Amino acid sequence: MTTSSSSPVLAARLDAVTKSFGVGSGAVVALDSVTLNIERGRFTAIMGPSGSGKSTLMHIAAGLDSPTSGRVWLGDTEIGALDDAALTRVRRDRMGFVFQSFNLVPTLTAWENIVLPFELGGRRIDDSQRAWITDLCHSLGLGDRLNHRPHQLSGGQQQRVAIIRALATRPEIIFADEPTGALDSRTGREVLTLLADACARFGQTIAMVTHDPIAASYANRIVVLADGSLRHDIGQTSAAEVSALMLSLEEAA
Amino acid sequence: MSRLDTADNRASSPAEYRSTGARGGAGKSRMRLRDYRASMIVAALSAAFGVALVIGTGVLSSAISAHQLAGEHDSVRITVLIVSAVFFAIAVYVSAVVTANTVATVIAGRVREIALYRLIGADSSRLRRGIAREGLVCAALGAVFGTVPVVIAGLIIVPMLVDSRVLPDIPYQVLDPLLKAPLMITVAMGYLASWVGSQRVSQVTPIQALTVAAADPTRPVARGRRVGATVLLIGGLLALLGGVVLGLVSPLGVLVGLVGGVLSFSGIVMFAPVLMPALLRLTGGWMGRSPASRIAAANAVRYPERSARSMVGIVIGVTLVSMFAVASSSYVQMMIGIADEQPEYAEGMNQILTMTLAIFSGLFGFSALIAAVGLVNNLALGVIQRAPELGLLRTLGFTTGQIRRMIVAESAQMTLVSVGFGLVLGTFYGWCGAQATLGAQLGHGLVTPAIPWGVFGIILALAILVAIGASLAPSRRATRGSAVAALAAD
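First to last, the sequence lines map onto chains A and B. Here the working numbering is used: the first residue of the first sequence is 1, the next is one more, and so on. Here the working numbering is used: the first residue of the second sequence is 254, the next is one more, and so on.
Bound-form chain B, shown alone (with noise of 0.2 Å):
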């Protein structure tokens, strides 16, 4: 539709757009620091683990193959670096899915302003272009901050594990060319989510700069992004039962499981506008029946893509970790079954089992961060840019006690559901991960997942913590000033 405008715009060079004088004019507008700080830390974040994934395996298996023949130094290396891998992917999956909901949260605030740029002459796929260029130089940004103190530290610590002896002493190569991997794969995340989270820039119409009343909060879901959805759901789903089966005979199949859920997360992540308000409808009445109470379980359905943006952040988070939780529960289960068979083997892989489970905590602790990071932004953004609305409350007669109260008891029942949500489908997964990786070791078959209730409670504990959190600080802020000038606000 709009292929006349790109060649319209790619006839003006560059240096001719710059001499207007104000470079970027469209571009300056929406580049605010505070919008794109979580894009910033999380690819920083991002780049942090990939960059400290290279040089730990490099040195791992330096460190392994001084012991071995040296033809076996590829193979280890190879393995460890797959492994690494899988781990990074999920990272930067979490990465992409923080930048792409924090870019689709700046543009909901911002509808107007884009709305003007529409009537006055901006095309939305140039506006989709340059916001996509700003996640790039934000990712780029964020993945040095993040890779530097990475690599220094490396220089610093490795040469100390070898001086007291944990390391043995043969040359390392901290400064690996894989180190540009992460880097890359991070800024061209940050690139692609930015362009994929601003896709509702086109779904912007300059009337809208025109008219007072906001837009239609209760648009459906597109067609196409229903069909995609259904698509990635689908083929995710017969993916990872695909993985669980294949698993049973080989130890891949827990690699396609992982194509699988990746797949079939996305589709959820798609489909949570419709999925997410459908829930919070069915708990609306969890919160008590005062005005504050009813008006946040209104609110919380009234706006199903500011609800849903802020619960899939937690949905993210809470199902990478309670996947975890339920796969290495139920691979310990497992493994005591084989014990309780083979005595002769228990003895060592106690030890094993208790260092597999204390990194690969630690590897998925990192993307639920990542996830933690795009939660706390999420709710803070939402709560500012409802300043108006909340002033409109305070000048009816709300007082801002009952104000922080509605807005924490939307948090919390998006908080309780989303939690909720995740554990269901961190259940599924982990044991589908757990099935497909040792299903053809065991030789059992099918087992039942083990559910570990304890680190669920600590989750669902920490999940209603930071939300809670999360938004109290900008909801007193947001409600200090006059309400007349908050109401204005615009």
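This is chain A alone, in the form it adopts within the complex (with noise of 0.2 Å):
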């Protein structure tokens, strides 16, 4: 499945995508025809107050959630069109998660948490691959700490760990939800830096969904959305701006 002879520069996209809830006049519009094109090798941030649609264009772009009407595709890959299993195997091999909430197995050791994608596709780790692994694990400071369980290491620690799953298989794209929502500012700061480096050093594609402006100010690029729709699109922009922004954004409604 590759998906670089037709769509090189797109990693994922969305067409006119609405999705709402509930029927009738008790329904809900979280997002209201978005189009939204998330290019290869780039930071996206995608922004929004709470209530914005943000989480449900993340869940969507990845396939966890169906659109009610509109398109999604990553790579070339309609992803609106698979079933389960195909969506199984796309989230496995192709994308790659990293949540607010670490979301670790607790009774997995940190190096078990992260070859988890390839146990679970029945796939052999090959040697460029656990050295990858193990260079990405000691790059992170890790190195010491992978025979540790979650429950064993400090929440910026089990957050590295999120992070390094998600890199190991080398995925099209990785969704991160509010990466830096459960840590400290300063441990917040370090996953960010992370992040920027696995797109800037490896060319990783990341797509972050965040509230935080300090947070989207380490992106390539800033897109915000407001009631269900994208009301800006920008590129790297500091943290006090972006704030002025959402200020704006908030006094506008």
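Certain hints may be false.
Stretches of chain B that chain A covers, calculated by requiring three or more beta carbons in the stretch to come under 8 Å of a beta carbon on chain A [unchecked claim]: (1) 455-461; (2) 543-556.
Label pairs and their computed distance ranges (CB to CB) [unchecked claim]: (3) A252/A to R729/B: 30 to 40 Å; (4) H151/A to V480/B: 56 to 66 Å; (5) P641/B to R170/A: 33 to 43 Å; (6) R478/B to V23/A: 20 to 30 Å; (7) V23/A to R547/B: 50 to 60 Å.
Beyond 12 Å from chain B on every Cβ pair, some chain A residues (computed) [as the list claims (entries may be wrong)]: (8) G26; (9) V28; (10) L36; (11) P49; (12) M95; (13) T169; (14) D177.
No lab work stands behind these hints, which were simulated from the structure alone. These figures come from a predicted structure and were not determined experimentally. Cβ coordinates follow ideal geometry from the N, Cα and C atoms, glycine included.
These two chains come separately, so use the hints to put the complex back together.
In structure tokens:
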């Protein structure tokens, strides 16, 4: 499943995606005909106040939720058309996830958590992959923590394990959902530097949902949603400017 | 749907899978002894019961045939084996329901973890196969734990009985090749019941790993399940009534009735998530109007699956015991009727009746014991899984006493409703059983069921004691630590 041939620059694409929850008069439109291209090799932040639809947008882009209308692609695979088994394989082989709550399996060690996606796919880890993962672990300072269980690690360490797990399979895209939400500000900055580094050094595509202007300032591109529609689409911006932008959105509402 | 995936998985050899350093990482994570304790105990009980039955019937038929002509040996043995097989089948059925229930309860407490596995690329059929394999391992371990002491006991007790001249002095085969049958049936039961119980895995969506909110607890029963349950219920009832009718002319009626009973009861078990909350709703006001009582009544209805799982265990146990009580009372009543008409039979009959009833109570009691294991485990797991919810109530100002009262009120209401329902079912099944077994011999046509009120009272008292005891201990544990820690537990 290579995607390089037909869409060399787009990792993911949403075309006129609408999502509503509920029916009749109680229906809520979470996304209102949103079209968005996420470019390969870039760190894109998806921002918006709570209730803006940013989480729904990520869920749909990752194939975790289906749109009410509109089409969704990962590379040149239209994921809206896939059944559950095919979507499972796409998630396993072509996507990575980093969450606010780290979401490590509590009974597995850090290393076991990292290699889980390989194991679930029944794939053997070859030497180059093993070297890649080991390198990542060492450069993130986790080399001696790999036999520890999640509860023996600090929040920052847990999140680094989750990031290594996401990077390990070299997925086409990593979806990060408020990855700094549960961390103190210093650890949060370390994690953001890490994500930005993965993008800059390895060309890893990352789409990060956040409401934190500081987190967004690490991204190459910032997309702002409000009330289910795209309001702004800007390049790398300082946290102060992002804050001002968000504030203006709040005031307009 | 998952055919492609299955092929995928097959392509990777188990050796390869192991070589990644965390053998069965997916499996190991779910394998926690506490969760599977009940499955193992149940497998041990069921295997022990089956093995004891095989040894017992073997010894018994050898002893009987020592007094008889050689040619009759086989027929005696076969008759006794069939009777044992019926009781073993009931015990295996109860074990299967308990095991499936346990697995379903464990999964309900692991939705987030399973969702995480699904999110990072495990397909649900693979997860289900893993759970079924764990069920197989548990059942195999349990079966061995259950078998060994029974066989050893048999090897010791049989020679002792021969020495004390209870049994005639002939060679007995305690290590019967047939011993393999209950072992293998128990292990197969563990595998299949775990597979059935793991059905809920396929309803877990990956997105549940990302959202904080709990899954919608009021999800309706799937349509396929409704259809299956209806077919079982109606087909089973028809077979049961067919057995009763056939019982009027032939003693084989009871076998048809047994099949009908198992099928229709399975239908009721499958309908439990709809049926039980409906019964709970009707009785919600019984527990009073204090905040603890009101939340208790609402809780019982709010999580229909959880309530149903706890209640099914009580319903099975109560149905079994009351069915037997009603059947034997009806049986005694019919026999007394005959004795009045034909006094010459009355003398010998009393003794046989007493002995038969004693043996059969023991045999049914065993299945009720298995059901009780399931009930205790289910209530305990349920309370442990609710630690965050209980923590929330405490941060809102509930005292630990109020929380315990709430849990006890929930258990009490569910127990009362299940016992009542079980008694109604037991009366119906018991009457069908008595009618199907004896209708032909009596030539009396239909009889009115005899209801042993005293036994019913004892059942009610025991069930309430077990249920409240089973939920009090874990509720104490659940309210022991700090409320904030409980709240954070996930």
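Status of each hint after checking the structure:
1. With 3 residues bearing a CB less than 8 Å from a CB of chain A, the stretch 455-461 of chain B meets the requirement of three and the coverage assertion stands.
2. For the stretch 543-556 of chain B, the stated coverage by chain A is not satisfied: 0 residues place a CB nearer than 8 Å to a CB of that chain, which falls below the threshold of 3.
3. Judged by the Cβ atoms, the range 30 to 40 Å given for A252/A and R729/B is violated: they are separated by roughly 54 Å.
4. Checked against the given bound of 56 to 66 Å, the beta carbons of H151/A and V480/B, roughly 45 Å apart, lie outside it.
5. At roughly 36 Å, the beta-carbon separation of P641/B and R170/A lies within the given 33 to 43 Å, and the hint holds.
6. A beta carbon spacing of about 24 Å between R478/B and V23/A agrees with the range 20 to 30 Å that was offered as a hint.
7. A hinted range of 50 to 60 Å is violated for the C-beta pair V23/A and R547/B, which are about 31 Å apart.
8. Non-interface status of G26/A relative to chain B is upheld: no Cβ of that chain comes within 12 Å, the nearest being about 15 Å off.
9. Every CB of chain B is more than 12 Å from the CB of V28/A (nearest about 15 Å), matching its label as outside the interface.
10. Remark: the non-interface label on L36/A is consistent with the geometry, its nearest Cβ contact in chain B lying 19 Å away (cut-off 12 Å).
11. No beta-carbon of chain B comes within 12 Å of the beta-carbon of P49/A; the shortest separation is about 17 Å.
12. Under the 12 Å C-beta cut-off, the non-interface status given to M95/A relative to chain B is violated; the minimum distance is some 8 Å.
13. With a least beta-carbon separation of about 9 Å from chain B, T169/A fails to lie farther than 12 Å from that chain, contradicting its non-interface assignment.
14. Separation of D177/A from chain B is inadequate, the least Cβ-Cβ distance of about 6 Å not exceeding the 12 Å criterion.
Hints 2, 3, 4, 7, 12, 13, 14 from the earlier list are contradicted by this structure; the remaining hints agree with it.
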